[in-house]
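Number of protein chains: 2
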Amino acid sequence: MEQLDYFFNPKSIAVIGASREPKKIGHVIFRNLLEGDYKGKVYPVNPNTDNIFDQPCFPSVLKIPKPVDMAVICIPARFVPETLEECGRKGVKCAIIISSGFSEIGNSGLQKEAGDIARKHGIRVLGPNVIGLFDPYSGVDTIFNPRFKQQRPKPGCISFLSQSGATLSVIMDWMGMKGYRASKFVSYGNAMDVDEADLIEYLSHDRRTKVICIYFEGVVNGRKFYSVARKMSKRRPIIAMKGGLTESSRAAVSSHTGNLAGEAGVYSGMFRQAGIIQASDLEQVFDFARTLSTQPKPKGDRVQIITDGGGFGIIATDAVARNGFRLAKMGDRSLQGLRASVPEYVVLKNPIDLTGNATSEMYEKAISAAIRDPSVDMILLICLFQIPGLSPEVVDVIIDECSRKAKPVVVVSSGGSYTEVLKKTLEDNMVPCFSCPKRAAESLKALYDYSRNSKK
Amino acid sequence: MEQLDYFFNPKSIAVIGASREPKKIGHVIFRNLLEGDYKGKVYPVNPNTDNIFDQPCFPSVLKIPKPVDMAVICIPARFVPETLEECGRKGVKCAIIISSGFSEIGNSGLQKEAGDIARKHGIRVLGPNVIGLFDPYSGVDTIFNPRFKQQRPKPGCISFLSQSGATLSVIMDWMGMKGYRASKFVSYGNAMDVDEADLIEYLSHDRRTKVICIYFEGVVNGRKFYSVARKMSKRRPIIAMKGGLTESSRAAVSSHTGNLAGEAGVYSGMFRQAGIIQASDLEQVFDFARTLSTQPKPKGDRVQIITDGGGFGIIATDAVARNGFRLAKMGDRSLQGLRASVPEYVVLKNPIDLTGNATSEMYEKAISAAIRDPSVDMILLICLFQIPGLSPEVVDVIIDECSRKAKPVVVVSSGGSYTEVLKKTLEDNMVPCFSCPKRAAESLKALYDYSRNSKK
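Protein sequence lines, in the order shown, are assigned to chains H and P. Residue numbers 1 to 456, in my numbering, belong to the letters of the first sequence in order. Residue numbers 1 to 456, in my numbering, belong to the letters of the second sequence in order.
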């Protein structure tokens with residue numbers, strides 16, 4: 001386990017296959033390590049070049065005068081075994097094999113050969129056929145997409161594992177734009193050595209990771225995966241999206257990652273038993289992750305809706321009911337207190353409809369009453385920021401009420417640029433925001449289910 | 001029908017209840033009409049003010065020296081009947097009653113009184129209890145949210161009707177930010193005169209409207225709605241999202257719009273028979289609208305997937321299968337031609353996987369082969385723009401291949417700011433883009449179902 005730490009916090013990295021040509025993977029990786037936040041030493045290795053970006057280039061990892069913790073290997077597959085041999089002699093602790101052309105195209109012999117060499121030298125390997133990893137804390141970044149094309153998220157507490165490299169990079173890019181923060185991104189591809197189970201175990205002990213997300217199409221070792229996930233899901237929520245759930249996609253899975261996709265029902269059952277939360281699309285993975293990493297556990301299933309738009313209140317009521325929740329009935333004392341402090345046109349039912357005349361003060365009264373009322377377990381708060389009388393301070397009110405973490409609160413808010421700015425502020429302050437009530441209610445459901453499971 | 005035209009193209013508008021106070025609805029509406037794109041005359045009416053923004057203010061609509069086509073009424077409910085009487089004497093053609101306080105709070109008598117006066121004078125009325133309308137072509141804009149808080153979409157071909165005013169304004173704001181273009185936005189609230197059926201009929205004959213979207217919680221006159229929708233759905237696709245589908249939300253519906261929400265099953269059956277396409281959330285309404293307003297009708301149910309990311313290809317395969325489509329099997333001739341023109345690592349199955357080494361040229365060959373192949377009915381095109389070798393010109397390639405409209409093409413693309421810019425370019429050129437394969441496949445399904453229905 002401890003050795004996996006070298007992947008995320010290496011003191012020095014050799015980029016084997018670093019290149020002067022801007023479109024080559026070895027160029028982009030070397031450049032990203034130099035220009036990004038990584039603080040350690042980076043050595044380019046390429047026998048055909050003297051220097052790259054004015055850095056002296058080494059013909060082999062063995063010629064690097066200082067110790068090398070990690071090797072990032074991006075050279076044609078057939079050269080990988082001898083390179084690993086050199087890495088072993090150099091004392092390299094871990095290697096990321098970006099190169100493809102192994103078992104995913106039926107070349108299992110070459111993969112086994114490389115695996116044997118790595119094992120002999122005690123090198124832990126990620127890959128082959130991966131995009132590698134990104135750690136926003138240490139700045140380790142082997143993602144070979146240029147930074148202008150693909151954003152990098154800031155440090156946070158969500159980790160994402162992916163069998164597919166492209167999916168990992170799309171998610172990083174999307175999270176970066178949304179302002180969602182992350183702990184670690186890892187693509188593990190053919191999983192010749194380090195597999196999804198190892199990574200789940202590692203991340204479950206990582207103090208910077210509060211929730212583990214994973215996209216995969218099949219598992220290498222089902223029994224190991226199940227037993228690790230079952231234990232670790234008690235330490236950290238594990239949220240999974242499985243690709244290849246239909247008959248039609250099985251063939252595609254086998255030519256993508258070489259795995260057997262398996263029956264949808266078998267997987268769902270296994271997930272449930274292992275305490276894994278299953279998401280139905282990638283966006284939902286992060287809906288769940290943001291809610292589970294920020295919100296306290298609910299005591300029961302009663303949801304109070306507060307809104308400033310009647311239509312959204314009704315859509316939310318439908319969503320709450322469809323997820324099997326009850327609508328909370330606030331106590332008489334709360335309602336009388338609230339009645340005395342908000343205008344008469346405010347509808348004090350569930351949803352509480354503050355109407356298009358809502359103000360920050362009205363939101364404050366309503367949220368605080370719902371948080372204090374013992375008949376309310378969760379709050380689904382709709383805040384449509386467009387209305388004339390609502391000042392941006394409502395964001396401070398929400399953050400303030402949520403910061404005590406007495407009850408789970410999720411926010412629904414939708415609109416254009418003005419709304420996006422306010423939603424980003426909420427997200428930055430640990431309040432998950434959704435564009436539609438359905439996603440908010442489904443996220444509360446994931447939180448509720450996880451809380452119930454972890455009590456068992 | 002023709003008189004409804006005055007709502008969207010009035011030569012002059014009186015804002016009755018215009019105000020100097022920035023937070024008053026009558027202030028925002030008057031200001032938006034002055035500062036927006038509306039080219040006609042705008043008259044403020046308010047007996048307590050001499051001028052607003054240096055414009056002379058009239059004590060009554062009767063004192064305006066020139067003809068008035070439309071009155072926007074934002075004064076307390078109890079003054080509405082006498083104001084309508086004055087409008088009638090002035091010869092006003094149509095009125096939007098923004099004011100609330102009528103049947104939605106049980107005040108049916110006042111609503112009936114106002115209705116009788118309007119009818120007597122032949123004034124068509126939108127409302128009461130509405131946010132009114134926005135027409136991006138004529139610039140008529142009675143949406144009382146400030147422009148800095150809520151964006152306005154550019155002229156296009158999607159029209160949106162909403163019983164709920166807040167929902168309408170949120171959608172406008174969101175479409176504005178996304179760059180989705182629109183023809184007309186109308187909230188009809190209590191529908192004292194003009195109702196959803198009238199508006200559907202009007203928009204079905206509007207040459208600028210290619211698709212009609214509607215959000216509602218209940219209909220005023222079910223029989224009229226059904227018979228109009230059934231006829232008009234043959235002229236234009238009608239996409240509906242119904243709020244209040246669960247037992248829990250019925251009570252909320254009645255206090256929001258005073259309607260009976262009705263059984264979910266009853267509505268779904270009625271929609272199907274009337275040829276209305278039902279969406280399950282507001283985002284999906286516009287997924288469908290963008291696809292149906294831009295894409296040709298498919299000849300059959302066979303979908304070809306083209307991708308540069310294996311994972312997304314598999315997720316798309318699942319989504320295609322779940323929507324009841326078949327995976328297309330391209331003919332030997334197409335495949336041989338393609339094999340000769342793309343690198344050997346390209347997987348020529350369904351999905352066609354161009355891999356992370358994809359280039360614009362490879363996309364061009366693959367799309368063009370799929371469009372020409374008679375075994376392909378629709379194309380689901382995944383384009384992850386982050387990969388190093390893919391230049392932005394791929395967008396031109398896609399637009400070019402799609403512009404002939406030989407077959408429906410929808411694009412899946414997800415990521416951060418760089419990707420968003422390219423997606424916006426595609427959307428601007430009539431290529432619908434989705435962030436996840438599920439939404440893309442569901443949109444193709446809506447298009448396919450509508451095509452089949454309209455053949456009947």
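If you're looking for bench data, these hints aren't it; they were derived computationally from the structure. There could be a bad hint or two in this list.
All copies of an identical chain are treated as equivalent in the list; a pair is satisfied when it fits inside any one copy or across any two copies.
Said to hold, decoys possible - Within a straight-line C-alpha distance of at most 30 Å, the following computed DSS-like cross-link-like pairs (lysine-lysine) qualify:
#1 424 / 154
#2 41 / 234
#3 23 / 365
#4 349 / 24
#5 424 / 231
#6 63 / 178
#7 66 / 178
#8 424 / 178
#9 365 / 24
#10 23 / 349
#11 231 / 329
#12 112 / 11
#13 299 / 11
#14 112 / 154
On a predicted model such as this, the values are computed, not experimentally measured, just so you know.
Up to 30 Å between alpha-carbons, please classify residue 424 paired with residue 231: within, between, both or neither. Neither way: residue 424 and residue 231 sit 34 Å apart in one copy and 45 Å across, limit 30 Å.
Is it within a copy, between copies, both, or neither that the alpha carbon of residue 424 lies no farther than 30 Å from that of residue 178? Answer is both: 7 Å inside a copy and 17 Å across each meet the 30 Å cutoff.
When no copy is named, should residue 424 and residue 154 be tagged within, between, both, or neither for a Cα gap of at most 30 Å? So residue 424 and residue 154 pass the 30 Å test inside a copy (13 Å) and across (25 Å) alike.
Indicate which option fits the pair residue 349, residue 24 if close means a Cα-Cα distance not exceeding 30 Å: within, between, both or neither. Classified as between; 27 Å across copies, 61 Å inside a copy.
Using 30 Å as the alpha carbon limit, work out where residue 231 and residue 329 are close: within a copy, between copies, both or neither. Answer is neither; intra-copy 37 Å and inter-copy 44 Å both fail.
Under a CA distance limit of 30 Å, which applies to residue 112 and residue 154: within one copy, between copies, both, or neither? Result: close neither inside a copy nor across copies, 37 Å intra and 58 Å inter.
If the cutoff is 30 Å on CA atoms, where do residue 299 and residue 11 land: within, between, both or neither? Let me know, please. Neither: 45 Å inside a chain and 59 Å across chains, both beyond 30 Å.
Reference check for the pair residue 23 and residue 365, CA-CA at most 30 Å: within, between, both, or neither? between (57 Å within a copy, 21 Å between copies)
How would you label the pair residue 66, residue 178 (within, between, both, or neither) given a Cα cut-off of 30 Å? Classified as neither; 40 Å inside a copy, 51 Å across copies.
Identical-chain pair category, residue 365 with residue 24, by Cα at 30 Å: So residue 365 and residue 24 pass the 30 Å test across copies only (23 Å; inside, 58 Å).
Checking residue 41 and residue 234: alpha-carbon separation at most 30 Å within a copy, between copies, both or neither? neither (37 Å within a copy, 67 Å between copies)
Using 30 Å as the alpha carbon limit, work out where residue 23 and residue 349 are close: within a copy, between copies, both or neither. Intra 60 Å, inter 27 Å, cutoff 30 Å: inter-copy only.
The structure does not agree with the numbered hints 2, 5, 6, 7, 11, 13 and 14 stated previously, though it agrees with the rest.
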